[in-house]
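*Asks:* Take a look at the letters that make up each chain.
Number of protein chains: 2
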Amino acid sequence: MRRLLLISNSTLHGSGYLDHCKKQIKEFLSDKVKTVLFVPYALHDRDDYTSTARKAYNEIGYQLEGIHEKPSAVEAVRQAEALFIGGGNTFRLLKTLYDENIVDEIYKRVYNDGMPYIGSSAGTNVATVSINTTNDMPIVFPPSFKAINLVPFNINAHYQDPDPNSKHMGETRAKRIEQYHEYEDSPPVLGIREGCILHVEGDKATLRGVTDARLFVRGKEPVEYKPDADMSFLL
Amino acid sequence: MRRLLLISNSTLHGSGYLDHCKKQIKEFLSDKVKTVLFVPYALHDRDDYTSTARKAYNEIGYQLEGIHEKPSAVEAVRQAEALFIGGGNTFRLLKTLYDENIVDEIYKRVYNDGMPYIGSSAGTNVATVSINTTNDMPIVFPPSFKAINLVPFNINAHYQDPDPNSKHMGETRAKRIEQYHEYEDSPPVLGIREGCILHVEGDKATLRGVTDARLFVRGKEPVEYKPDADMSFLL
Chain A
1 MRRLLLISNS TLHGSGYLDH CKKQIKEFLS DKVKTVLFVP YALHDRDDYT
51 STARKAYNEI GYQLEGIHEK PSAVEAVRQA EALFIGGGNT FRLLKTLYDE
101 NIVDEIYKRV YNDGMPYIGS SAGTNVATVS INTTNDMPIV FPPSFKAINL
151 VPFNINAHYQ DPDPNSKHMG ETRAKRIEQY HEYEDSPPVL GIREGCILHV
201 EGDKATLRGV TDARLFVRGK EPVEYKPDAD MSFLL
Chain B
1001 MRRLLLISNS TLHGSGYLDH CKKQIKEFLS DKVKTVLFVP YALHDRDDYT
1051 STARKAYNEI GYQLEGIHEK PSAVEAVRQA EALFIGGGNT FRLLKTLYDE
1101 NIVDEIYKRV YNDGMPYIGS SAGTNVATVS INTTNDMPIV FPPSFKAINL
1151 VPFNINAHYQ DPDPNSKHMG ETRAKRIEQY HEYEDSPPVL GIREGCILHV
1201 EGDKATLRGV TDARLFVRGK EPVEYKPDAD MSFLL
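Chains as they are written, first to last, in the working numbering: chain A, 1 to 235; chain B, 1001 to 1235.
FRET-style restraints, in silico, Cβ to Cβ:
{"id": "1", "chain 1": "B", "residue 1": "Pro-1227", "chain 2": "A", "residue 2": "Gln-79", "range": "58 to 64 Å"}
{"id": "2", "chain 1": "A", "residue 1": "Asp-104", "chain 2": "B", "residue 2": "Gly-1061", "range": "55 to 61 Å"}
{"id": "3", "chain 1": "A", "residue 1": "Asp-47", "chain 2": "B", "residue 2": "Asp-1230", "range": "39 to 45 Å"}
{"id": "4", "chain 1": "B", "residue 1": "Tyr-1098", "chain 2": "A", "residue 2": "Asn-112", "range": "36 to 42 Å"}
Simulated from the structure, these hints should not be mistaken for laboratory data. Even glycine gets a Cβ: it sits at the ideal position worked out from N, Cα and C.
With these hints in hand, go ahead and build the complete structure from the sequences.
*Replies:* Here it is, written out as structure tokens:
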């Protein structure tokens, strides 16, 4: 039943908020959905964030409600037609999902009822096994790095290739993921570049968007995948 | 009694391991110290890391021993003449400091006995209030983000200015620190660029090295400081 649209980034350079993925969102939600429940927990100003998201969804024909405007977050998830979790800080987002007791509730709604789940950036990270491969700064301490576990692997959003001209000595993204894979039982990590989207329908996963993804599996050489690649083997 | 040498990065572009700060390390340790205790927990291969560090310290006249080679980490800290904590992954480092029960022990040795503490990158992060402002990927879950607390502020090592030509939409470093400061009671964050060093002697803190630092205080505009600036007001 699982239906997911996992987007690398909300805004692509040179275009507006969600512009690069509105077509995919519209196809994904179709005309069966009227109202989307929005989770703005990854940013500090939830009202402002909700009004930005509402504008984008209204343009493609959907109503949007902020979960923080509801009396109960759990009840809001139980009744949602579809969910959109926006980007920002992944630690703040995951901590708030735990604080509001909706990690398990979202999992159940996606798996039992096929509630469509759209995530962007941090919202994509929390859909995976864990937030161990986020790029964000750990500005708050969540009770766990385990996430909603809607897919059995991790994602690195905003994936970046090493810059051969850089004089910066901090670890490259690939090096950081390699350090994660020094641990046994660490799951595969799909690096999705800005502009890249992973679309999951039940047991079928397909790459969408305009950029390639790079798959890192512990103990193996990374492999590149192009848009429309079948990624179902990861599920 | 506190004596700290907090280095932004172990290797500066175009030079070898610790080359850019060997002079400061030699002045800091002087000829009173014979042997340095090295903490290689931030990297996976501790033996390899220790041999790299040993080579650099030997060149300036010090013996170096890896803490992982000792029967008891707590006992090794208790007996150390001086401590050097190397860079790598800050989450792995802090988790291991907790696992080995040496967070409090290091604090006591520095405050009560004036044991010289040298940190580089992740080793600098763990000397501060917390690792909330590390750049590293959260590849393991430590029991807390609270660190050794040898200074009453946080540091962002490898601090980078925004690149005006970048098309990448991930948050800039300044934006990430600003998100940290959305929380009340978040301490100041000193962004030390690669090549920058903070030297603390008791209640006196001085900027060293070849690059500037940028200080972020909640609710205020960031301020730039040049090498040799007196930073004692932060203590």
